[in-house]
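Residue numbers (our numbering), protein chains in the order written: chain A, 53 to 388; chain B, 53 to 388; chain C, 53 to 388.
Honestly, I wouldn't trust all of these hints.
Which copy? The list can't say, so a pair holds if one copy fits it or any two copies do.
[Stated by the list, open to error] Derived BS3-like pairs (lysine-lysine); straight-line CA-CA distance at most 25 Å:
1) K94 with K366
2) K94 with K240
3) K178 with K330
4) K373 with K178
5) K94 with K330
6) K381 with K94
Note that these hints are calculated values from the structure, not bench results.
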Amino acid sequence: MRLSRITELLGGSLAGEDREITGASTLEEATPSDISFFANRKYREAALRTRAGALVTSEPLDAPCSQIVTDNPYLYFARVLGLLHPEPQRPRGVSDRAYVHEDAFVHPEATVYPLAYVGPRARISKGCVIHPGCVVGEGVTVGEHTVLHPNVVVYPGCTVGAHCILHAGVVIGSDGFGFAFDGVRHVKVPQVGTVVVGDHVEIGSNCTIDRAALTATRIGSGVKMDNLVQVGHNVVIGDHTIIVAQTGIAGSARIGSYVVLGGQCGVAGHISVGDGVKAAARTGIASDVEPGRVVSGFPSMDHSRWLRVQAAYKDLPSLLKRVRDLERKVMERADD
Amino acid sequence: MRLSRITELLGGSLAGEDREITGASTLEEATPSDISFFANRKYREAALRTRAGALVTSEPLDAPCSQIVTDNPYLYFARVLGLLHPEPQRPRGVSDRAYVHEDAFVHPEATVYPLAYVGPRARISKGCVIHPGCVVGEGVTVGEHTVLHPNVVVYPGCTVGAHCILHAGVVIGSDGFGFAFDGVRHVKVPQVGTVVVGDHVEIGSNCTIDRAALTATRIGSGVKMDNLVQVGHNVVIGDHTIIVAQTGIAGSARIGSYVVLGGQCGVAGHISVGDGVKAAARTGIASDVEPGRVVSGFPSMDHSRWLRVQAAYKDLPSLLKRVRDLERKVMERADD
Amino acid sequence: MRLSRITELLGGSLAGEDREITGASTLEEATPSDISFFANRKYREAALRTRAGALVTSEPLDAPCSQIVTDNPYLYFARVLGLLHPEPQRPRGVSDRAYVHEDAFVHPEATVYPLAYVGPRARISKGCVIHPGCVVGEGVTVGEHTVLHPNVVVYPGCTVGAHCILHAGVVIGSDGFGFAFDGVRHVKVPQVGTVVVGDHVEIGSNCTIDRAALTATRIGSGVKMDNLVQVGHNVVIGDHTIIVAQTGIAGSARIGSYVVLGGQCGVAGHISVGDGVKAAARTGIASDVEPGRVVSGFPSMDHSRWLRVQAAYKDLPSLLKRVRDLERKVMERADD
């Protein structure tokens, strides 16, 4: 694809030779037939030395290659990748090696691969791709152009929106963790709610999202979830929130919109995390967090405070020594 | 179902009108045809305002609806849900789209769904449900009325008791993590033990339970495990223990009965956690814990101590300042 | 198998009677027909009391059984287990209940079980075993004698080396977590790289390893990974590194060779962990670590320092009291 074709489709201004590029790569590994991007000043030297044939950048560089100048090079580069790597063409229709219940509906322009299972009254919409090993339970609705990668399980009665991507091994709608103790045993509280996943949601491999006890666990539109995330029953997650790998959200927590939870965070049950909150990796949120706060640590506190607490924490042995010295001095003085 | 029919079946005393209810919901979302419950004083206001047609409660409330009075409203409500949502009727028998080895035994009153795999000499007991995508290995025994949700894997030789529920993606019996270093490589120690799961056990989605190196990893009866929990080889877990999501238990640890491990806890290998221990979320248990203790933190300590430690920890910057002030004062005094 | 046959095959010197053993077990549970091993002084008493018919040990013990004396008893015992438990014979060839694309290559001496899926242009080498429920994507190569346990998913274009063991539910090659914000939405950055797994790698159940954004996520040869580990896109892991359960490694981190990451560790993105580093369980590595260091805590620090910090941390309430006492004394003195 020629660079001029790219700017024609995506905007930006081309500086330097209009050449053909055939691939995309990192600054270090790019060859003259590749396009790369410069979005982080840390990599300026690498950008100046790159062998790439073209660079996407927010400022013209003194680099020996063609450049496309644009406001948000990373976003632009994401779109270039979309042009260079169009979605593969898929066979349309239902494989005769899949199992589709006679009462299920599969749109003629959807794909159901061999060894996928689609239960009674499930509804697979236009453009969906159901990979091998997926199990779409009774009465589930999957919206248009949603992709279920291999071995995804959607329990009965749940709903997945349009343009979603569910990666391999995701489980939607397993029972929430609810038991009532009878003095001897933990008696199961039937989990009769459901899960509703919005549109344009991406969920990473082997994530688990439990169905509600009574109403619905809700994942807002535009939410992006990394791998191995756990979402408890009755949790509500607002739109465009980002949740990094191995984070866990306990039952009935409410997470706002545009929140970012770093990797390995934990959120306690029944609490509320306001819109736009950012939590650093490994934050343990045990009580409500107001909108817009940046938090860290366990239990979580303002990130700026946490930085000071951590500095003191790492220096505890020297603080201990200082207190010991003071005690000696004060004691000696008392002896005078 | 009429309220009088419910009290006839489950006990409790009915106050107010005997009406028909058709569903169950939360205090906030219930409608006049729903039953709800009041078990947490925090929600008293919500209970007084509810539109529910009936409430399960431990004390008669001045609420505008019928009430069922009982000692343990949450437990009672769990049972009401069981009445309102009976287990769905399932097709009996083995789907001709399943793969069942000719040397396997499947009870005629069990269900094996399409695309499930049952290996040689496996034994599927009466009332079991084996969902699509499950893989029941060679020689596995699954007890009566146990449900394997989609894509559960039970490795060869393992045993699952009766009335268990294994949620989607659970793996039982993968190799324990054992290697002997030969100076260059980590040589695999063959894991020739097994896993024995008791009765009435529930295991959450995508949990992993490793087989023993030599003998058996044992999960006691009545154990309830949330999603994404990891259990190492040779671990022994006592009856009626509760393990919340994303907790990990390292090899050869022994966990007592009626223990509660909160979410994202870690238990070190070869240690012992006594009966009735409660560990708060994110506790890291690195040494033995005596029966009945309540612990928190990492390394774990008594919860009451942890609360004081955490209070001091969060205030470290001010402690640092106080020590600095003291040093200045003592220094000034010395200069006098 | 007679003990003399074992020493003939594996070396070591036999002391005591040359007897027949039929199994292997722990010191506590062994019977006279079992062999056991003594490698940890902590278990000396158990070794002296064992009912085992034979012991592998590094020093002759005053125990009432035959002994095989060797330098590394645990390694030796691992090999004995291999002799006593040879790999089961498997049916060769492709089950007619599997789905193998007509453009895939499966070596005639490989095994593909019922309900496995092998996509177009995939290559299954000699001696491979592909268990039920596995999904081997388009163009994937699986090296000789590699075993994919049930429900493993390898996304298109990835490569798995020879003699690897991938446990149930492992996902290789799901999309890395990359999004560019356009002011309203998180726009997906297509993940067009791949995953390359070396030889002799073992990966635990339900681990997730993301494909690179552009180039390749690389898992070195001899790497051993426990269950539920998360590896982000573009991560590079050196040879013979060990990663214990539930650890997460964020995108573009570089982990050296012969590293050991304990359970529930976290490694931040774009950092470098040097060869031979050892991180205790639950370490959070947020910046580069030099080769050979032993680290703990979050943020990580030298393990010896962490021990002192932790001791002080647990004693914070008493430190607080000491500072309060000092303040009172200094204040009183000032009043004199």
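The hints, checked one at a time:
Taking the shortest alpha-carbon separations for K94 and K366, neither the intra-copy value of 28 Å nor the inter-copy value of 33 Å comes in at or below 25 Å. Taking the closest pair of Cα atoms, K94 and K240 come within 25 Å of each other only across two copies (23 Å); inside a single copy the shortest separation is 54 Å, beyond that limit. Taking CA atoms no more than 25 Å apart as the test, K178 paired with K330 passes in neither setting, with 36 Å inside one copy and 50 Å between copies. In the homo-oligomer, the alpha carbons of K373 and K178 never lie at most 25 Å apart, since the shortest distance is 69 Å inside one protomer and 64 Å across protomers.
Proximity of K94 to K330 under the C-alpha cut-off of 25 Å is restricted to the intra-copy arrangement: shortest distance 23 Å within a copy versus 28 Å between copies. Taking the closest pair of Cα atoms, K381 and K94 never come within 25 Å of each other, the shortest separation being 49 Å inside a single copy and 46 Å across copies.
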